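Position one of the sequence shown corresponds to residue 1 (UniProt numbering), numbered consecutively onward.
Please keep in mind that the hints were generated in silico from the structure rather than gathered at the bench.
Among the hints, erroneous ones may be present.
Derived CB-CB ranges, DEER-like [what the hints assert, rightly or not]:
| # | residue 1 | residue 2 | range |
| --- | --- | --- | --- |
| 1 | Ser26 | Thr172 | 18 to 26 Å |
| 2 | Asp143 | Lys182 | 20 to 28 Å |
| 3 | Gly63 | Val139 | 14 to 22 Å |
| 4 | Gln47 | Ser26 | 33 to 41 Å |
| 5 | Gln111 | Ser26 | 13 to 21 Å |
| 6 | Arg109 | Asp143 | 19 to 27 Å |
| 7 | Glu40 | Gly10 | 32 to 40 Å |
| 8 | Glu11 | Arg87 | 27 to 35 Å |
| 9 | Arg109 | Ala149 | 28 to 36 Å |
| 10 | His144 | Gly10 | 33 to 41 Å |
If you're wondering where the values come from, they're calculated on a predicted model, not measured in any experiment.
For each residue, glycine too, the CB sits at the ideal point set by N, CA and C.
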Amino acid sequence: MSIAIRSLTGEDLKNTLKDLALLRISVFHDWPYLYEGTMEYEARYLQRYVATEGAVIVGAYDGDKLVGAATGEPLGEEYEAFQAPLRERGYDTDKIFYLAESVLDPAYRGQGIGHRFFDGREAHARGLGFDQAAFCGVVRPDDHPMKPADYRPLDPFWRKRGYEKLENVIVTFPWLDIGEAKATEKPMQVWYCNL
Numbered sequence: 001m002s003i004a005i006r007s008l009t010g011e012d013l014k015n016t017l018k019d020l021a022l023l024r025i026s027v028f029h030d031w032p033y034l035y036e037g038t039m040e041y042e043a044r045y046l047q048r049y050v051a052t053e054g055a056v057i058v059g060a061y062d063g064d065k066l067v068g069a070a071t072g073e074p075l076g077e078e079y080e081a082f083q084a085p086l087r088e089r090g091y092d093t094d095k096i097f098y099l100a101e102s103v104l105d106p107a108y109r110g111q112g113i114g115h116r117f118f119d120g121r122e123a124h125a126r127g128l129g130f131d132q133a134a135f136c137g138v139v140r141p142d143d144h145p146m147k148p149a150d151y152r153p154l155d156p157f158w159r160k161r162g163y164e165k166l167e168n169v170i171v172t173f174p175w176l177d178i179g180e181a182k183a184t185e186k187p188m189q190v191w192y193c194n195l
């Protein structure tokens, strides 16, 4: 199948937020995020991309249908929770581009779209003058009861892209897990690369 990849900013980005919200709710419901999302929360959470200069959505389209998306923005514009652990280790968060969520409908996986998401966001970051990038991956215990037996972590893929874990640099951010009555803080490992 032929998938078109488009980098979206400005009005195009704004017009994609509802479709991105639906994808996030669907894809992040699965392991390892286990996210119990709502459109109300998504509308508030994603609105920051509209207000952030330098934000991008790299969308994957099957015809007119958004089947995957990866977002990014200058780290200095991200929530404080994402900036503080890096700043505490001496990183200048105004010089790092943050690769936020990356979601892809399972039916479209294994076709190289994940690489194209990184390519698009990294090119956008370099175009803005950034030469460093970071992202976070959720940390779950190996013995978590909802972990699928066939789960394969994305660590090898991320390392192939040149990213490495920043040891002991952990972001905590709240979301509602499946079965939770209220949102709780989740640990996320920071990965970093010089572009």
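Hint check:
no.	hint	result
1	Ser26 with Thr172: 18 to 26 Å	24 Å, holds
2	Asp143 with Lys182: 20 to 28 Å	24 Å, holds
3	Gly63 with Val139: 14 to 22 Å	36 Å, violated
4	Gln47 with Ser26: 33 to 41 Å	20 Å, violated
5	Gln111 with Ser26: 13 to 21 Å	18 Å, holds
6	Arg109 with Asp143: 19 to 27 Å	26 Å, holds
7	Glu40 with Gly10: 32 to 40 Å	25 Å, violated
8	Glu11 with Arg87: 27 to 35 Å	32 Å, holds
9	Arg109 with Ala149: 28 to 36 Å	18 Å, violated
10	His144 with Gly10: 33 to 41 Å	40 Å, holds
Hints 3, 4, 7, 9, counting from the list given before, are not met by this structure.
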